[in-house]
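2 protein chains.
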Amino acid sequence: MKPTINVGIIGFGTVGCGALQILQENGEAIAMKVGSEIKVKRIADIDIERKRPIEVDKGMLTTDAYEIINDPEIDIVVELIGGVKPAGKFIMDAIKSGKHIVSANKELIAREGHDLLLEAGERKQDFFFEASVGGGIPIIRPLKQCLAGNRIDEVIGIVNGTTNYILTKMAQEGRSFDEALAQAQSLGYAETDPTNDIEGHDPAFKIAILASIAFNSTVNVEDVYHEGITKLTQQDISYARDLGYCVKLLAIAKLRDGAMEIRVHPAFISESHPLASVNNVYNAIYVKGNAVGDVMFYGQGAGPMAAGSAVVGDIIEVARDINSNATGRICCTCFEDKPVLSMDDVSAKYYLRMHTADKPGVLARIASIFGDNEVSIASVLQKSRDEDGGEAEIVWITHEVKERNFRTALKEIEDLPVVAKVSNWIRVED
Amino acid sequence: MKPTINVGIIGFGTVGCGALQILQENGEAIAMKVGSEIKVKRIADIDIERKRPIEVDKGMLTTDAYEIINDPEIDIVVELIGGVKPAGKFIMDAIKSGKHIVSANKELIAREGHDLLLEAGERKQDFFFEASVGGGIPIIRPLKQCLAGNRIDEVIGIVNGTTNYILTKMAQEGRSFDEALAQAQSLGYAETDPTNDIEGHDPAFKIAILASIAFNSTVNVEDVYHEGITKLTQQDISYARDLGYCVKLLAIAKLRDGAMEIRVHPAFISESHPLASVNNVYNAIYVKGNAVGDVMFYGQGAGPMAAGSAVVGDIIEVARDINSNATGRICCTCFEDKPVLSMDDVSAKYYLRMHTADKPGVLARIASIFGDNEVSIASVLQKSRDEDGGEAEIVWITHEVKERNFRTALKEIEDLPVVAKVSNWIRVED
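Chains as they are written, first to last, in this note's numbering: chain A, 4 to 433; chain B, 4 to 433.
These aren't lab readings, by the way, just hints derived from the structure by calculation.
Wrong hints could be hidden among the right ones.
Identical chains share a label here; the pair holds if one copy fits it or two copies do between them.
Taking lysine-lysine and the DSS-like style, the derived pairs with C-alpha atoms no more than 27 Å apart in a straight line are [said to hold, decoys possible]:
1) Lys127 - Lys36
2) Lys291 - Lys147
3) Lys36 - Lys424
4) Lys99 - Lys352
5) Lys147 - Lys414
6) Lys291 - Lys42
7) Lys54 - Lys362
8) Lys362 - Lys127
9) Lys44 - Lys341
10) Lys127 - Lys5
11) Lys147 - Lys36
12) Lys36 - Lys341
13) Lys147 - Lys127
14) Lys291 - Lys36
15) Lys88 - Lys99
16) Lys352 - Lys44
17) Lys61 - Lys414
18) Lys42 - Lys99
19) Lys352 - Lys127
20) Lys44 - Lys147
One chain only, chain A, in its complex shape (with noise of 0.2 Å):
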């Protein structure tokens, strides 16, 4: 065993402050548990001048995120600056540099995972990442280990906090979208620009990075169909009340015979489904095994010392790894490539709510377009309001489709004279 073993840090931001604080408050029962006194030895930041919330002697700092890659006494370098430049460059430098790596990087990892992972596999050095999706919730070793035995089917998840802390505010108090934006800006729990969050990009990347777990095989994040939450209205989330949904943002990935379906955007989902109940800023990952059955993680997808249990449970592990001599234990475990599915073939139910002319015929007009494109109908509802002025508004719901099919036939339906405006059309999971 080490007496101890060297840390260096790049990025000092919130989860780096976060990460330093664990591991100072529970550095004593943590040593205990490695084996080995876990130190902070360099943490490099291009502004070394900002106040943190946690003191560090200034010696600690530099510039040169170089003074730790090369430095021969640091065991881990923890790279939690975010973003692909030049983060990547950072870690590949550093396992060419003998270094374990610990990132919290979910843009790095979805777009050069594989790369830096066999990498580091290949010089049997460890690299971890479950800071990258979920935050402190633990998921990635969980489908490496615990679940490991399983064929996954199912990885569904919750995993952006902004976004299902807009919807719960406008599913709990009434809000408008943008009434909630302007309401998790104040709070800070989206960014002055929130496209990352608010246009799925940011669990684009996480789901990709699960899915390449559960299944076993590389994902071209580009492959990754994603949709945003700014299109939803409170008319849509009424309708899903009414008809005993939720709407959540949902990251979802599916094995569908050996392709894979991998996919972010708002979904009607059941109100007894587990993840239905998942609020505020709060993520979960529900996870489907042939084995397991299903399961959830549940917890704090973002903030400081969330991430930074993570990052810090990253780090103990590569040292338990470095004490047993056994690092790069664990590495890539992508041996399959496995297609992507387009969203063209991907099936779905869907939700569709139109305004249409209110008179006879027009129902049964809609609904032949429908059936000619095999797409089935599970429920309608329509009201005739006064205050449309002679219109209708028609809410869908329909059976499992193919995607191409309902879109041809949306197409179609859009076309009809009698159809004033297809209002919004969501995806249904059960």
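Given chain A, put chain B in place with the hints provided.
This is chain B only, laid out in the frame that chain A set:
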């Protein structure tokens, strides 16, 4: 890497069949993950004639566990017979014979796990027991690894599917305890002699295991207070609902100033708590850490395939350790010896339901006894009912108070001539 890693299973019941089926069905992918074929070489059971749901070569079966324990070709011994005797001796002998151990035996781990783990650890052999708590739900490994950076402050589990099923039926269908138990028995969710489940023995073993891992301390299972659910009535469940609570059988472990509270009993839990929506035979374990905040693990707590998933996950971990020359990498983490608080010193909130004479001054008399014992009242609800012949039903919810004080007050209240009957009292967790 070893081309083949040989497994011997002792105990060919439902979980053994499940594990074997998983190893057969998912064997190819498992071999890719491990780098070796996992081969079940031998299975021991006292009854090798009985028909099982899975086909095995007769030659694999033996009635003598020592044909496994002493087989030099077997690397991993999987113990699935349950109970302390003879499982404990089998495991100890297997460890001494150089075998790595996987066990699903909650009672044995709770009672003798510490000695067995130490013995395995000293010999650098693995001893895993993920299936002993929560069936297929990953919880032991997440606590020991992913959350290892945390000081765990609280673990609250719904870890007995039988009682959770009964309580769900009582709450959702208005059934009596006896009716719901009979229903559970007819579906195979409860045994003919249901004592172990309904009296809380089973969850007591499980929370002893979880507490020892969460708090890094040995736990004497005799120190775990446990109560069952037999005294629960429809009235209590209905009052719970009116007050915004569900009633669940909770297995609770809390760290209080360096000491441990460990207890199993029915409890009111707020409807908004993540555990409140865990219904039917599902299990969940809620964990609070000083870094991660609150996380919850949810899934099927029993059944051959779910428990088999955990057993196979453990086998895979041992196999990876064998191939990395790193067995014994993580062993016993009980490096502390924390005391267990007596129930007198445990603090909780209490629900109390009583029948009293319906006349002036009764409420004041009772309230003053509470006051004298420093029991502060959060809410009180009085119903006078004609059919009770001049009796009133009073329901109290206290603020948090030491159980000693509550029980002293209760005793004095019971002795009051105006109190006809204390019908029930139940602890409240928020």
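Hints, verified against the model:
1. Lys127 - Lys36: Classified as both: same-chain Cα gap 23 Å, cross-chain 16 Å, threshold 27 Å.
2. Lys291 - Lys147: The answer is both: 14 Å in one copy and 23 Å across copies each meet 27 Å.
3. Lys36 - Lys424: Classified as neither; 62 Å inside a copy, 52 Å across copies.
4. Lys99 - Lys352: Answer is neither; intra-copy 48 Å and inter-copy 57 Å both fail.
5. Lys147 - Lys414: The answer is neither: 43 Å in one copy and 54 Å across copies each exceed 27 Å.
6. Lys291 - Lys42: between (39 Å within a copy, 25 Å between copies)
7. Lys54 - Lys362: neither (67 Å within a copy, 66 Å between copies)
8. Lys362 - Lys127: For Lys362 and Lys127, the Cα distance exceeds 27 Å both inside one copy (71 Å) and across copies (79 Å).
9. Lys44 - Lys341: neither (42 Å within a copy, 33 Å between copies)
10. Lys127 - Lys5: both (18 Å within a copy, 18 Å between copies)
11. Lys147 - Lys36: For Lys147 and Lys36, the Cα distance is within 27 Å both inside one copy (22 Å) and across copies (9 Å).
12. Lys36 - Lys341: between (39 Å within a copy, 16 Å between copies)
13. Lys147 - Lys127: both (17 Å within a copy, 23 Å between copies)
14. Lys291 - Lys36: Between. Shortest inter-copy distance 19 Å satisfies the 27 Å Cα cut-off; intra-copy 32 Å does not.
15. Lys88 - Lys99: within (17 Å within a copy, 53 Å between copies)
16. Lys352 - Lys44: neither (53 Å within a copy, 46 Å between copies)
17. Lys61 - Lys414: This pair counts as neither: shortest intra-copy Cα distance 63 Å, inter-copy 62 Å.
18. Lys42 - Lys99: Within. Shortest intra-copy distance 22 Å satisfies the 27 Å Cα cut-off; inter-copy 37 Å does not.
19. Lys352 - Lys127: neither (45 Å within a copy, 53 Å between copies)
20. Lys44 - Lys147: between (30 Å within a copy, 25 Å between copies)
Checked against the numbered hints above, the structure breaks hints 3, 4, 5, 7, 8, 9, 16, 17 and 19 and satisfies the rest.
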